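**Q** Protein chains in written order, with my numbering: chain A, 1 to 262; chain B, 1 to 327; chain C, 1 to 319.
Because the hints were derived from the structure by calculation, they are not lab data. All values derive from a computational prediction rather than experimental measurement. Any given hint might turn out to be false.
List of simulated lysine to aspartate or glutamate pairs, DMTMM-like, C-alpha gap at most 20 Å [stated by the list, open to error]:
1) Lys80(A) - Glu201(C)
2) Lys109(B) - Asp84(B)
3) Lys263(B) - Asp220(A)
4) Lys260(A) - Asp222(B)
5) Lys324(B) - Asp265(B)
6) Lys33(C) - Glu18(B)
7) Lys56(A) - Glu294(C)
8) Lys189(C) - Glu169(A)
9) Lys85(A) - Asp191(C)
10) Lys122(A) - Glu201(C)
11) Lys56(A) - Glu123(C)
12) Lys260(A) - Asp195(B)
13) Lys35(C) - Glu18(B)
14) Lys86(A) - Glu201(C)
15) Lys263(B) - Asp211(A)
16) Lys195(A) - Asp265(B)
17) Lys308(B) - Glu321(B)
18) Lys271(B) - Asp134(A)
19) Lys147(A) - Asp97(A)
20) Lys195(A) - Glu169(A)
21) Lys63(A) - Asp191(C)
22) Lys81(B) - Glu7(B)
23) Lys324(B) - Glu294(B)
24) Lys17(A) - Glu153(B)
25) Lys195(A) - Glu109(A)
26) Lys60(B) - Glu294(C)
27) Lys83(A) - Asp97(A)
From chain B, some residues computed to sit far from chain A (all C-beta separations above 10 Å) [stated by the list, open to error]:
28) Asn27
29) Asp29
30) Phe30
31) Ser58
32) His212
33) Ile257
34) Ile260
35) Leu304
36) Asn311
Even glycine gets a Cβ: it sits at the ideal position worked out from N, Cα and C.
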Amino acid sequence: MSILRTENLSKVFISRKGIIKSENVVALDNVNIELNEKELIGVVGASGSGKSTLAKTLVFLYKPTTGNIYFGDENITKYKSRKIKKYRKNIQMVFQDPYASLDPNHTVEWHVKRPLILIKYKGDINERVNELLDMVTLNPPEYYRNKFPHQLSGGQRQRVYLARALAVEPSILIADEPVSMLDVSVRIGILNLLKNIRDILDLSIIYITHDLNTVSMITDRIYVMHDGKIVEEGNTNTIIKNPTNLYTRELIEAAPNPYKRI
Amino acid sequence: MYNYILEVKNLNAGYYVETGFTKVLKNIDFSVKRNIILGIAGESGSGKSTLASSLYNSLKYPGKITGGSIILNGIDILSTKPNDLRKLRGVKYSFIPQAAMNALNPVKKIRFQFYDIMMAHNINNENEQDKKIDEILKLVRLNNNILNNYPHELSGGMRQRVVIAMALILSPELVILDEPTTGLDVLVEHNILVDIKKIQRSLGTTMIFISHDLSILFEISDEMIMMYGGEIVESGSYDNLLNSPANPYTYLLEKSIPRIGIKIDNNLLIKGSPMNFSSTDNGCYFYDRCIYSEKQCSVNHPDLKAMKGENHSYRCSRYPEWRKNVV
Amino acid sequence: MNRSLFKNSTVNGISFKFNKIIKPLKILLTNNKAKVGFIILTGMMVFGVLGQFLAPYNPNRYEFVRSMPPSYSHLLGTTVYGQDVFSQLFYGAAPTLLVGFSVGIIGTFISIFVGISAGFASERVNNIVTGIINIFLIIPGVLLIMLFGSYFLGIHQSLGYLPTILILVITGWAFGARTFRSITLSIAKRDFILSSMLIGESRLSIIFRQIIRAIFPVIISNFFFTAMYGTMGLTFVEYLGVGNLLQVNWGTMLYWAINNEAYLTGLWWWILPPSFMISILMFSFILLNFGMDEIGNPSLRRFNSKKNKKGDLNEHTEN
Chain A
1 MSILRTENLS KVFISRKGII KSENVVALDN VNIELNEKEL IGVVGASGSG
51 KSTLAKTLVF LYKPTTGNIY FGDENITKYK SRKIKKYRKN IQMVFQDPYA
101 SLDPNHTVEW HVKRPLILIK YKGDINERVN ELLDMVTLNP PEYYRNKFPH
151 QLSGGQRQRV YLARALAVEP SILIADEPVS MLDVSVRIGI LNLLKNIRDI
201 LDLSIIYITH DLNTVSMITD RIYVMHDGKI VEEGNTNTII KNPTNLYTRE
251 LIEAAPNPYK RI
Chain B
1 MYNYILEVKN LNAGYYVETG FTKVLKNIDF SVKRNIILGI AGESGSGKST
51 LASSLYNSLK YPGKITGGSI ILNGIDILST KPNDLRKLRG VKYSFIPQAA
101 MNALNPVKKI RFQFYDIMMA HNINNENEQD KKIDEILKLV RLNNNILNNY
151 PHELSGGMRQ RVVIAMALIL SPELVILDEP TTGLDVLVEH NILVDIKKIQ
201 RSLGTTMIFI SHDLSILFEI SDEMIMMYGG EIVESGSYDN LLNSPANPYT
251 YLLEKSIPRI GIKIDNNLLI KGSPMNFSST DNGCYFYDRC IYSEKQCSVN
301 HPDLKAMKGE NHSYRCSRYP EWRKNVV
Chain C
1 MNRSLFKNST VNGISFKFNK IIKPLKILLT NNKAKVGFII LTGMMVFGVL
51 GQFLAPYNPN RYEFVRSMPP SYSHLLGTTV YGQDVFSQLF YGAAPTLLVG
101 FSVGIIGTFI SIFVGISAGF ASERVNNIVT GIINIFLIIP GVLLIMLFGS
151 YFLGIHQSLG YLPTILILVI TGWAFGARTF RSITLSIAKR DFILSSMLIG
201 ESRLSIIFRQ IIRAIFPVII SNFFFTAMYG TMGLTFVEYL GVGNLLQVNW
251 GTMLYWAINN EAYLTGLWWW ILPPSFMISI LMFSFILLNF GMDEIGNPSL
301 RRFNSKKNKK GDLNEHTEN
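Between the sequences and the hints, there should be enough to build the whole structure, so can you do that?
**A** Okay, here's the thing in structure tokens:
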């Protein structure tokens, strides 16, 4: 049963060149993807392939030019502000850069508390903050609650952000390159966390990345994007073993591997 | 002729901060042989970028080099006068800083940026200049048409190639590259790495390649240096570091690189986050994150020891015992 | 410390608010430029308040020997009209500061309101408001000052300094508004604001909880800048003669001194003190403005290597 589905989704940006001349940049070109319940799918593509645009379109930070988005059975493409707000309670996004996604003027506690207040969480909010911080393995929670983002390392910040997104109790999580800015030694920790969260909370997760290495580790299915189009889709292992598309093959070959000498 | 093109002895550097002075580089000691690619690896906070700009003597306030020497072909560049240093730079050795591709002059065509570099070093004959540019562009596999473009008209990969060409145009003996492929697309990154290696092999230029990405360093380097907490924890040939690491940090970091078709052993994951520089000097810096550490590690700060008969030195007081625990 | 013990007591509440005022001040005082500026400004304020009560003579009385050089009984001599210069300087400090601060506060409020709403609203609103700001920037301030000044000239008596403040606010808010607009535009695109929109924060909440806090140093720096404009503007308005010339402040002092050609007749004690005081006041505003800039923008900071301050301001970055 699909929880989120796009139908011929396209996004065209108009880039102005001077006063009169303008140019259309096609960022998404008839994209069809489907996310099933409790599934962890990957969207793989090089920079400029439109994968970040896809993420931002799915959470309504961009409006699609043509095509439809379905949430469950409902067509949500034409949603206006109030309904968008309601819809966003179901879908959250983790940003690429944990150094930019947390407000430097506020503490960890504030970041996790605000969404709880906004969804009118019934029950003890303080308790819930601890619970969430515990879930993203920031132990002990009391130690981190009053810290400011600049007092934390990249990996810790990304965990805090994850706690903030989970506080909204979404059913879908979109992770846009959540580990590409982090150190090698903490990457796997965050990826494992994503996987565990999926299992514990029954979330559906879209993991967007350029890194085939990490995708092959955690996802069930992948979509390969190139120039705004989906060029290949299917079971992760199958695609990585037998890529049919030339571009996919190139990506697999270029994936860094310490045992492969250039 | 000196045996080593670059010798770094006891280099110390740090930064002025609100609370005083923070030491970043602690007694860095290494030598670079000719005609190799030396990879310097480290996570954030390991001091690798400070090391990169120190090597070019371009560390600016609030950073400061507090001691040691950097000897390039017998000349100590730390005590060289700025004017003489300018004559060395680009000619004897050159430096490609982080994100250099975004630092090209935006209002000048690429051609004239090349001319500027050569004119600064007294190559004024136009035929000679054009010939040099032709040669170098062929080397980095760029079309001559790009000479008439402005930097913003080129893609990131092309700009990075332009920057590499600029660093190589005066045929230096040593090139220092600081994170040259960060921010580039996977495919572009791969192609540039392949080309860098080809160029190095054909010209015989020595290269120091600094990056946080262990995989690409293992792919490209002949020799490697691992840095942690502002000091060298292990150095040697890439093969030694990859297949028989003597420092647990190297071993564990290598084990945590995600790779297609490889299952990561969660027991070998490094706990915690990279260290900060304000930690104490007692004990091993990696002590609290190391799964092989013992009590003694928290007290004794290990020295850099050389492996007998091999081009391999390491910093760990529990080697070779900890290797026995490796399954 | 057992924090839960004081959790709901009012004592803690008050001290918490007190801390909120004290902490920015402490940060301000870590910067040397800001510190010097702050000390001068505080000194000026004390001088102004004392002047209201302790001026040796009535600044408006024309009863002394004319054009007397400084002496023990008249510290800064007297004017050609027989007024005591020191009393005028002492008494005139408060209104000068008052006008400066009022223009600073009101002007900054207007520019925050206009600038942030332009930067954070829809594109159409942004365009309209930007147009308005640009119009106000283009209109020559001198012309407006002359126009409004002469219009208000008749009713100056009853309104005190209000017309002057009004004129200066109208001509002085647009620059700050433009700054706030561009800063807000760039902040609104940052991930942490997008994130707040995603979790469902309202625009007002984002403005008050996040944007204002993020641009706080700029607000303060803009306040000092506008206050400087206000003080300078007052001098200018009075110098042009479109203000109420019977009021005693440093601007009118200069007007009378210059009109009576004090610099030609050798009455330096009449023209130098107000000029000097105004310069010092400007200087303190500029220092505070620069200091705030450095606090808001750490890359401008330079650290003293020898000083090793220890205190609650030492927040280490742990990465």
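**Q** Determine for every hint whether it applies to the structure shown.
**A** Going through the hints against the structure:
Restraint check: the Cα-Cα separation between Lys80(A) and Glu201(C) comes to about 16 Å, which is no more than 20 Å; the hinted pair holds. A distance of roughly 29 Å separates the Cα atoms of Lys109(B) and Asp84(B); the hinted pair therefore is violated under the 20 Å criterion. The hinted pair formed by Lys263(B) and Asp220(A) meets the criterion: a straight-line CA distance of about 15 Å does not exceed 20 Å. Taken as a hint, the Lys260(A) and Asp222(B) pair is honoured in the structure, with Cα atoms around 13 Å apart against an allowance of 20 Å.
Restraint check: the Cα-Cα separation between Lys324(B) and Asp265(B) comes to about 17 Å, which is no more than 20 Å; the hinted pair holds. Proximity of Lys33(C) to Glu18(B) is assessed by CA-CA distance (about 16 Å); at most 20 Å being required, the pair is judged to hold. At most 20 Å may separate the alpha-carbon atoms for a hinted pair to count; Lys56(A) and Glu294(C) exceed this at roughly 35 Å. A C-alpha spacing of about 25 Å is found between Lys189(C) and Glu169(A), which places the hinted pair above 20 Å, so the restraint is violated.
Among the hinted pairs, Lys85(A) with Asp191(C) is consistent with the structure: their alpha-carbon atoms are about 18 Å apart, no more than 20 Å. Straight-line distance between C-alpha atoms of Lys122(A) and Glu201(C) comes to about 18 Å, which keeps the hinted pair within the 20 Å bound. A C-alpha spacing of about 19 Å is found between Lys56(A) and Glu123(C), which places the hinted pair at or below 20 Å, so the restraint holds. For the suggested pair Lys260(A) and Asp195(B), the alpha carbons sit about 16 Å apart, so the restraint of at most 20 Å is met.
Restraint check: the Cα-Cα separation between Lys35(C) and Glu18(B) comes to about 16 Å, which is no more than 20 Å; the hinted pair holds. Simply put, Lys86(A) and Glu201(C) have alpha-carbon atoms about 12 Å apart, close enough for the 20 Å limit, and the pair holds. For the given pair, Lys263(B) sits about 16 Å from Asp211(A) by alpha-carbon distance, which is consistent with the 20 Å threshold. A threshold of 20 Å between alpha carbons decides the hint, and for Lys195(A) with Asp265(B) the separation of about 15 Å falls inside it, so the pair holds.
Proximity of Lys308(B) to Glu321(B) is assessed by CA-CA distance (about 17 Å); at most 20 Å being required, the pair is judged to hold. Distance restraint check for Lys271(B) and Asp134(A): the Cα-Cα separation of roughly 16 Å lies within the 20 Å cut-off, and the hinted pair is therefore satisfied. Between Lys147(A) and Asp97(A) the CA atoms are separated by roughly 19 Å; this keeps the pair inside 20 Å, and the hint holds. As the CA atoms of Lys195(A) and Glu169(A) are separated by approximately 16 Å, the hinted pair is consistent with the 20 Å bound.
At most 20 Å may separate the alpha-carbon atoms for a hinted pair to count; Lys63(A) and Asp191(C) meet this at roughly 18 Å. Taken as a hint, the Lys81(B) and Glu7(B) pair is honoured in the structure, with Cα atoms around 19 Å apart against an allowance of 20 Å. Straight-line distance between C-alpha atoms of Lys324(B) and Glu294(B) comes to about 14 Å, which keeps the hinted pair within the 20 Å bound. Proposed proximity of Lys17(A) and Glu153(B) is supported: the alpha carbons are some 13 Å apart, at most 20 Å.
The straight-line distance between the Cα atoms of Lys195(A) and Glu109(A) is roughly 24 Å, outside the 20 Å bound, and the hint therefore fails. Distance hint between Lys60(B) and Glu294(C) is fulfilled; the C-alpha atoms sit about 18 Å from each other, no more than 20 Å. About 28 Å separates the Cα atoms of Lys83(A) and Asp97(A), which puts this hinted pair outside 20 Å; it is violated. The Cβ of Asn27(B) sits about 24 Å from the closest Cβ of chain A, beyond the 10 Å cut-off, so the non-interface label holds.
Residue placement check: Asp29(B) keeps its beta carbon more than 10 Å from all beta carbons of chain A (closest about 25 Å). Residue placement check: Phe30(B) keeps its beta carbon more than 10 Å from all beta carbons of chain A (closest about 21 Å). Non-interface call for Ser58(B) relative to chain A: holds, since the shortest CB-CB distance, roughly 25 Å, exceeds 10 Å. His212(B), annotated as away from the interface, has a beta carbon of chain A within 10 Å; the closest lies near 7 Å.
Not every C-beta of chain A lies more than 10 Å from that of Ile257(B), the closest at about 6 Å, which undercuts listing it as non-interface. With a least CB separation of 5 Å from chain A, Ile260(B) falls inside the 10 Å interface cut-off, contrary to its annotation. With a minimum CB-CB distance of about 21 Å to chain A, Leu304(B) clears the 10 Å threshold, and the non-interface call stands. The beta carbon of Asn311(B) sits about 18 Å from the closest Cβ of chain A, which is more than 10 Å, so the claim that it is off the interface holds.
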